[in-house]
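Undergrad: Spelled out from the first residue to the last, the chains are:
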Amino acid sequence: MLRLLNRIRRTGIITEPLATGADAETLETLGIEVRRQIDRRLGGSLAIREVDAGSCNGCELEIHALNNAYYDIERFGIHFVASPRHADALLVTGPLSRHMEAALLRTYAATPDPKLVIACGDCACDGGEFGVSYASRGAVENLIPVDIRIPGCPPSPLNLLKGLLAGLKGSG
Amino acid sequence: MSRFDWLSEWLARCEDEHILIRRGSARTLAPAHLVECDPEDWGRIAAVARDFGCRWVALWGSDEGGEETPALGVQVAFEYGGDHLVVRTRVPRATPVLSSHSPWFAAADRPERHCQDLFGVVFLDHPDARRWTRHGAWGDGDYPLRKDFAAAGQPPAETPPDQDYPFLAARGEGVYEIPVGPVHAGIIEPGHFRFQAVGETILNLEERLGYVHKGIEKIAEGRTPEALARLAGRISGDTTVAHAWAACMALERATRTPVPGRALFLRALAAERERIANHLGDIGAICNDVGFAFAQYQFSRLREDWLRGNQRLCGHRLLMDWVVPGGIARDPDPSALAAMAAELDRLEAELAELYAILDDNPSLEDRLSGTGRLTEATARQLGTLGYVARASGLAFDLRAQAPYPPYDTLEVEVPVLEQGDVLARVRVRREEIRVSLALMRRFLAELPAGEIRQPLAPAVAGVEGLGLVEGWRGEILAHVRLHADGTIDRFFARDPSWLNWPALERIVRNNIVPDFPVCNKSVNGSYSGQDL
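Top line first, the protein sequences correspond to chains A and B. Residue numbers are given in my numbering: position 172 of the first sequence equals residue 181, and the series is strictly consecutive. Residue numbers are given in my numbering: position 393 of the second sequence equals residue 556, and the series is strictly consecutive.
Don't read these hints as lab results, they were simulated from the structure. Take these hints with a grain of salt, some might be off.
[As the list claims (entries may be wrong)] Which residues of chain A face chain B? A few of them, derived with a C-beta cut under 7 Å, are:
id : residue
1  : Glu69
2  : Arg107
3  : Glu138
Please read all numbers here as calculations on a predicted model, not as lab measurements. A virtual CB, placed ideally from N, CA and C, is assigned to each residue, including glycine.
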């Protein structure tokens, strides 16, 4: 047990205020800006229900990473919820597979208004590598209205946050 | 043991059964052997293979065209002693009927139903002929992978939900059902699970997949090799390196293109990085599923560090699109390669410390030990692959038993445990990280200089190739056939998840419903990889 506590102590807080790469924006300034938008427009918190509507699971890996201690997205007021009934926004990945069509529609219907739909990743934005076929409807907006688009294959956690911020500002 | 020294005995057994082997080729799908048989003998091929002790690997169809008597091809791959044997037959498209292999190999069940749904091949005596990949996007009687079916299809304006699927039913006092999905409570892929339970105990689990079917096999057709590699890299995002490698290997073998040594070493480095990234994420998640959040935070920290290492190496956190036909896309920055040795040392030291903490927590062991057991007999019967098989006493690993370059230059240790529970699957994955780190050190030390890419040689119409790569989940098989202009005529990829998903149904039996997430995570099948 002591070892465990010691490990936690020595790990310390790794949550990043760092400038990342060549970007002038830091994760923290980005996050504060996101926080401000959420406070202004969403009463302080943004509850997201993630829906994989056909993704290759690459986007899911990066969305997961938003919750790791480096990004710690909850500090900006964003959290992922288990039910669409608790959600302000749907974060939809994948080219929309036809087999997920009904499930996505029902999830959308179960999300209370007003709601945001965020298309996450190239496939959700425009069909990506898969496009439209007998099995895929391509972009998510071919089925439900989309408010925010975050391209990338997959978008990195930092780009997810940037996309969210741009979207919140733009759709305001 | 020399390669294929068992084949003459196998062929003799076929002869004993009066099975006529029409043609054989050691070159067409080299290093696998290809033989052809009559459709009437198809069922008995499975009987011979099972009695011989072959492992079932994959089954896939193909449209063989033909003006006067259009035909469909069906091929099955077996493995014995590290050698792969592909058996092929052709059936008339008007009467595409074959005996099922499922009575002999449980693993053939879902792949045969996939072939039935997409090619319209009827497998007689299939114990469960329900549709599998087909939900509501195309009709009974439409077969998307036949050449006369356009990739755009004629889908209904709104695809109806898959609500009339005849699930197995259980009756009896106190038996109740729990339907879960396709949209799950976490950030995971969609699929449907139907539990029958009494109290907290799971009597039976039935999986219903196919929700993320994206028509990958169909939209691969007509692509250039480069575009195929990009698509293969998105069969399952967490396995982008191994799938792209398998597809490229198939292309390179089909066109007899030699791949530069440096590219092979860098591919292997990437594949081992992919293995470690996934193992790190899953070990943390498994601990989290039994309430040990400390491990989740620590392992996701290590995973994030590791993904940033990927970014430095090739400019992509998940290593996507680095493996391309004929080699790799870009030579890594020398500073990234130089930094990797220290990165490996650091990870090893961090892991040693974390493992000591994990092993120090009896409550963690108590939750993982004995949970979700898969016996060796069941693992063998289902043809289970990768760490799921290796935690249940089955030692198969392509890198050791059927090594492809650069693994053929060294000995790959294959960690195996017998217990078959969640704890054993965690421990095998811990050991696999250790082995991967050692392999990476060798690859770094021996990394050849020189070219990183060789253009694919021109194709001849109809040439085929088979790629076999040990992904982090286990053996991946990819088959390609090319047109004369080098574009894709047929592509098939068998993710190991095809064989590990059925194991999950067995693993959770008699476990409690709340342990399903940890059992599921310990197997971690890819939905996208199996739905195609």
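Undergrad: All the hints need checking, so say for each whether the structure fits it.
TA: Status of each hint after checking the structure:
no.	hint	in the structure
1	Glu69	holds, 5 Å
2	Arg107	holds, 4 Å
3	Glu138	holds, 5 Å
The structure is consistent with each of the numbered hints, conforming to all of them.
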